[in-house]
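Novice: In the order they appear, the protein sequences are chains A and B. The opening residue of the first sequence carries number 1 in the numbering used here; numbering runs sequentially from there. The opening residue of the second sequence carries number 1 in the numbering used here; numbering runs sequentially from there.
It is possible that some hints are incorrect.
What the hints assert, rightly or not - Calculated cross-link-like contacts (lysine-lysine; reagent style BS3-like; alpha-carbon spacing at most 30 angstroms):
{"no.": "1", "chain 1": "B", "residue 1": "Lys66", "chain 2": "B", "residue 2": "Lys42"}
{"no.": "2", "chain 1": "A", "residue 1": "Lys78", "chain 2": "B", "residue 2": "Lys66"}
{"no.": "3", "chain 1": "A", "residue 1": "Lys70", "chain 2": "B", "residue 2": "Lys42"}
{"no.": "4", "chain 1": "A", "residue 1": "Lys70", "chain 2": "B", "residue 2": "Lys41"}
Said to hold, decoys possible - If you want a taste of the chain A side facing chain B, the calculated C-beta under 10 angstroms gives, among others:
{"no.": "5", "residue": "Gln6"}
{"no.": "6", "residue": "Phe35"}
{"no.": "7", "residue": "Tyr37"}
{"no.": "8", "residue": "Arg43"}
{"no.": "9", "residue": "Gln44"}
{"no.": "10", "residue": "Leu47"}
{"no.": "11", "residue": "Phe68"}
{"no.": "12", "residue": "Gly85"}
{"no.": "13", "residue": "Ala87"}
{"no.": "14", "residue": "Phe91"}
{"no.": "15", "residue": "Asn99"}
{"no.": "16", "residue": "Ala105"}
{"no.": "17", "residue": "Gly106"}
{"no.": "18", "residue": "Val111"}
{"no.": "19", "residue": "Lys112"}
If you're looking for bench data, these hints aren't it; they were derived computationally from the structure. The model shown is predicted, which means the values in this text are computed figures rather than measured ones. Don't be surprised by glycine CBs; every beta carbon is placed ideally from N, CA and C.
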Amino acid sequence: AQTVTQSQPEMSVQEAETVTLSCTYDTSESDYYLFWYKQPPSRQMILVIRQEAYKQQNATENRFSVNFQKAAKSFSLKISDSQLGDAAMYFCAYVLNNNDMRFGAGTRLTVKP
Amino acid sequence: GAVVSQHPSRVICKSGTSVKIECRSLDFQATTMFWYRQFPKKSLMLMATSNEGSKATYEQGVEKDKFLINHASLTLSTLTVTSAHPEDSSFYICSARDWGQGIGGYTFGSGTRLTVV
């Protein structure tokens, strides 16, 4: 079965510091896409960053970047200069063969002022 | 950007009644939509994939007779929870695929909190 694993149920970071959220996945497919979504208390799903598996270069979006290790099937999210507004649930997700999106269990991020 | 409207945002219904949730793509045609269920402090679990003009594909363990999905147009998919019971209380989220945006084109609705009393 295809799975996405987020081993950190909760993480905490000091404001302005850097935090890394881990995600591993298991698939035998070669064509897939990886995502990080943020879900604040409003429960609206917000796309943070995405990565195509065929691309070796790690995706970056402002303060958010990923460390994509295809051989290790790892896709971690690094948040730099953490802000209070970054506090939320973060979900790692993947899409296989341009089909449906599957999510990990999530990591709750707390940002301390 | 792409917007998906989901209604209602909250609904309370009596046990045994049915409730319909709408998911509408406002500025793009969504040939494919997805329905998720999320329990408190848990992840999103895919319930079914709906394709315009065809029957929905349900995930294993999801009762298709209880969770009726209709995707009759390119902009609207509906989820009807039939004969609802308290255990159906949950947060339901839809997602629509905007093929025009390429691989990043998954847009989520704002969700529906269903409470069955």
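Novice: Each of the hints needs a verdict: does it hold here or not?
Specialist: Hints, verified against the model:
{"no.": "1", "hint": "Lys66/B to Lys42/B", "result": "holds, 22 angstroms"}
{"no.": "2", "hint": "Lys78/A to Lys66/B", "result": "violated, 41 angstroms"}
{"no.": "3", "hint": "Lys70/A to Lys42/B", "result": "holds, 27 angstroms"}
{"no.": "4", "hint": "Lys70/A to Lys41/B", "result": "holds, 29 angstroms"}
{"no.": "5", "hint": "Gln6", "result": "holds, 9 angstroms"}
{"no.": "6", "hint": "Phe35", "result": "holds, 8 angstroms"}
{"no.": "7", "hint": "Tyr37", "result": "holds, 8 angstroms"}
{"no.": "8", "hint": "Arg43", "result": "holds, 5 angstroms"}
{"no.": "9", "hint": "Gln44", "result": "holds, 5 angstroms"}
{"no.": "10", "hint": "Leu47", "result": "holds, 7 angstroms"}
{"no.": "11", "hint": "Phe68", "result": "violated, 14 angstroms"}
{"no.": "12", "hint": "Gly85", "result": "violated, 18 angstroms"}
{"no.": "13", "hint": "Ala87", "result": "violated, 15 angstroms"}
{"no.": "14", "hint": "Phe91", "result": "holds, 6 angstroms"}
{"no.": "15", "hint": "Asn99", "result": "holds, 8 angstroms"}
{"no.": "16", "hint": "Ala105", "result": "holds, 5 angstroms"}
{"no.": "17", "hint": "Gly106", "result": "holds, 5 angstroms"}
{"no.": "18", "hint": "Val111", "result": "violated, 18 angstroms"}
{"no.": "19", "hint": "Lys112", "result": "violated, 20 angstroms"}
Hints 2, 11, 12, 13, 18, 19, counting from the list given before, are not met by this structure.
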